[in-house]
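Enquirer: Sequence:
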Amino acid sequence: GQAQLPEPSWHGVPDGAPAAFFEALAGVMPPESVVVTDAGLHQVLVRRHYRVRAPRGL
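All the letters of the sequence shown, read from the start, carry residue numbers 10 to 67 under my numbering.
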């Protein structure tokens, strides 16, 4: 398998953890929201931590 990429530490997020950021983001977005990313580490982080709540939500 592939080694996991290191995750950045985000200022203003509990423990600086990307998982905490995406949990907070999901808490304020309507369930029918669509998350869109470009290619890069942010795409990896979204796929790793954001829970898609509706079909075609990512």
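Simulated from the structure, these hints should not be mistaken for lab results. These figures come from a predicted structure and were not determined experimentally. Just so it is clear, CB atoms sit at the ideal spot from N, CA and C, and this is done for glycine as well. Incorrect hints may appear among the rest.
[Said to hold, decoys possible] Using C-beta positions, here's what the derived DEER-type ranges look like:
| hint | residue 1 | residue 2 | range |
| --- | --- | --- | --- |
| 1 | V22 | R56 | 27 to 37 angstroms |
| 2 | G21 | V44 | 13 to 23 angstroms |
| 3 | P15 | P64 | 15 to 25 angstroms |
| 4 | P64 | S18 | 26 to 36 angstroms |
| 5 | G49 | G25 | 28 to 38 angstroms |
| 6 | G21 | L50 | 32 to 42 angstroms |
| 7 | P64 | H20 | 17 to 27 angstroms |
| 8 | P15 | E41 | 10 to 20 angstroms |
Enquirer: Look at each hint and say if it fits the structure.
Expert: Here's how the hints hold up against the structure:
no.	hint	verdict
1	V22 / R56: 27 to 37 angstroms	18 angstroms, violated
2	G21 / V44: 13 to 23 angstroms	20 angstroms, holds
3	P15 / P64: 15 to 25 angstroms	32 angstroms, violated
4	P64 / S18: 26 to 36 angstroms	33 angstroms, holds
5	G49 / G25: 28 to 38 angstroms	19 angstroms, violated
6	G21 / L50: 32 to 42 angstroms	18 angstroms, violated
7	P64 / H20: 17 to 27 angstroms	34 angstroms, violated
8	P15 / E41: 10 to 20 angstroms	33 angstroms, violated
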